[in-house]
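*Asks:* Read off the chains here:
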Amino acid sequence: MTQPTHSSSTGSSNTHAAVSARVPLWRDVVVLKWVTQVALLAVVLGTMWFLASQAGDNLRARNINTDFDFIERPVDIQLGEGIDTHPDTGGRALWTGMVNTLRLSIAGIAVATVLGVIVGLARLSDNWLVSRLASTWVEVLRNVPLLVQMIFYFSVLTTLPRVGLDTGPINGWLHISNKGISMPRVFIADGFYQWLVVVLIGAVAARFVHRRRTRIHDETGANTSPMLWAIGTVALFGLVGLFVHPAFSWLGGVFGAVAELLDSLPVIVPQVVLAAAAIGLAARWILRFLAAHRSARGHLALTDDDWFRVIFTAAASLAIVFLVVRWTGLSSWILNSGRDLFHVIEAKFDVDGAARPFDAMRPDIVQKGKFPNYGVNGLTLSLGFAAVFFGVVFYTSAFIGENVRGGILAVPKGQTEAALAVGLTRGQVIRRVVLPQAFRIILPPTGNQYLNLTKNTSLAIAVGYSEIVQVGTTVFNQTGRTLPVVAIWMLFYLSCSLTISVIVNWFNVRMQLVER
Amino acid sequence: MNDAASNPETSSPAAAAAASGQTRDLSGARDMIVCEDVSKWYGDFQALDKVSATIKEQEVVVVLGPSGSGKSTWIRCINRLEVHQEGRIVVDDVELTNDMRNIEKVRSEVGMVFQQFNLFPHLTIRDNVTLAPIWVRKKPRAEAEEQAMALLERVGIPEQADKYPGQLSGGQQQRVAIARALAMEPRIMLFDEPTSALDPEMIKEVLDVMKTLAHSGMTMMVVTHEMGFAKEVADRLIFMEDGQIVEQNTPDLFFSNPTEERTKLFLSQIL
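One line per chain: the protein sequences are A and B, in this order.
For my numbering, add 80 to where a residue sits in the first sequence, where the first one is 1.
For my numbering, add 397 to where a residue sits in the second sequence, where the first one is 1.
Keep in mind the hints are simulated off the structure, nothing from the lab.
No incorrect hints appear here.
Derived BS3-like pairs (lysine-lysine); straight-line CA-CA distance at most 30 Å: (1) A:LYS493 to B:LYS601; (2) B:LYS536 to A:LYS493; (3) B:LYS453 to B:LYS661; (4) A:LYS493 to B:LYS560; (5) B:LYS661 to B:LYS447; (6) B:LYS536 to B:LYS608; (7) B:LYS535 to A:LYS493; (8) B:LYS661 to B:LYS628; (9) A:LYS493 to B:LYS608; (10) A:LYS493 to B:LYS502; (11) B:LYS628 to B:LYS447; (12) A:LYS493 to B:LYS447.
To give an idea of the chain A side of the interface with chain B (calculated C-beta under 10 Å), a few residues: (13) HIS297; (14) ALA302; (15) GLN495; (16) ALA498; (17) ALA499; (18) LEU504; (19) MET591.
We treat Cβ as the ideally placed atom computed from N, Cα and C, and that holds for glycine.
Between the sequences and the hints, there should be enough to build the whole structure, so can you do that?
*Replies:* The structure is reproduced here in structure tokens:
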């Protein structure tokens, strides 16, 4: 840059021609950049192809079967708990395991968050005892391996009294034994989906109520608690819905009609829609990208990386179009599953007019094999679930607590002082000034903890809770299809993690501070 | 401010006197801030040592002193951001004790401007100014926003209302901070080194706003190193060192005829 006679390595395309004219190809940064991009792509694709073909050859040579046929084949598996304790097929067994993992993860994330926030705030408390307790909680839980904790909870819980057939039938509300904790179960009955429609209408109404109460607050300054009113509206609709829900049984016909419509559509329709969506989205992205890089005078300044992105996007959208056109199976699959889905929904509405939305049952005790156990009538928190659940929740709460504490401490002291100085109360300072700023600092690392929690549920294999890894192990022991099962595990955990990441990132982007 | 409006015969000549840099007679005005033997320790270090002073209504007091002399600690005690351990502080007839209600009353009557601005970065300029009026004074939003715009007009940046603090220059941020404090309609304004974190060319715009404020009859207590401002606007200068008040006088006498050795040394170093 200091010597104008030398070609400067700015590398931007608009100067490309002028600069390249004086530089040999092997020293031209722009050419080098493009060559490396293409070469790297070729190496990556080549390596993947090589590894895949090698693995395939070796597996064939050793007669290891990598078929996924076990998904449809019958298996002889009995699961401790889940949506289906005697699954017909390997696929059904794995599905039950996935649902159990999701149950653990979702409930775990919710409870660990609440507990973590409490622990974090407690550690910051002025109260000596409270902050000491929270510190001890954090230090003990995060320094003992999670596996050890789970086994510890499990062994403690097994010391509870045994359950016997002479204990039941159970008329109480709560029954605790070494098989777990059982309590009455409220479950959704036939009328539930009609009732759900009433609640959805209530949610829309609540939105309006919320807006209206906010406006009244803005106009008069009175405290109108919009959130409370919105929740009240939903609750009111839910309550009324218990009585009027059969009025919505006609919706079943609507869903049936949609199913028929999907069934009658030719395959070309989803093909056109998908292709148009791919091209439309890519075109919109490219146009916006170009607009963002155009200066006020209309001069387009794109670096080589920018060009690479534009070309890559266009190529990707064309590849999708090609795939959609060639692979008609995808389009007919979409149509068929859409039709099936709407038929299923239709069936949910096709119920006896007097069907209740909810029902309840009390716990019972049955003896299927050697030992008596809780039956399906009650809501049972089994030992395995409890051990894994408390394990991941307590363990993760320690880390989330530290995130919360760090996030609050990271908000400058001046913010609190300024808020106090304009007269806000302690509570208002925390609610209006500290938390909104702390939240942006707390969120990203807490998202990581959610990922960890989900992945850590796989340790449940140690205490025999039938989540995806434990079920999968049984499945490949019976079928010998180790690699396919592992592939399903990986795909499943990957989808869970990516879903969590997308949700957390969405919040994260929305919360960013505006600067410059 | 209310008294200023109802007592035009005392306020206007006083304001005129302040504008011309002359000493004005405030002996008849009521006491706004009374400090009696205020002491404070940080561990073994004594930050304030029996500080006693009375600040009258509409008086503008500038506190000077080397760093670590306790000026900031003192001014921060006056709205209880720091807690004094001995002595009495009475602000507008309300004594600062452990009584929550007294503390809140004082804070809602005393505005404060900080060296680091301390604007709320997650709120727009307008929301920064309206936050306290809406949640503390329970004002309707429309009214609070109207007032906010008037205040932003007064400090000269109404066009920035929809931006965020991070998008403004230091001088602009400090003027917003002044508007935010004024939105609570305080009777007293405290300034804790308001220009120390600013680039030189931005200091003037903030000082100008402070001068206008002083001329409008606001009771002000200012910790600053801006001697020009002190000479021009102050009714009284207070010089502190090691947590004690060393000397206090009108600007003219303070600069021309300091009595204490320490004050002379300080002045010789900064002038």
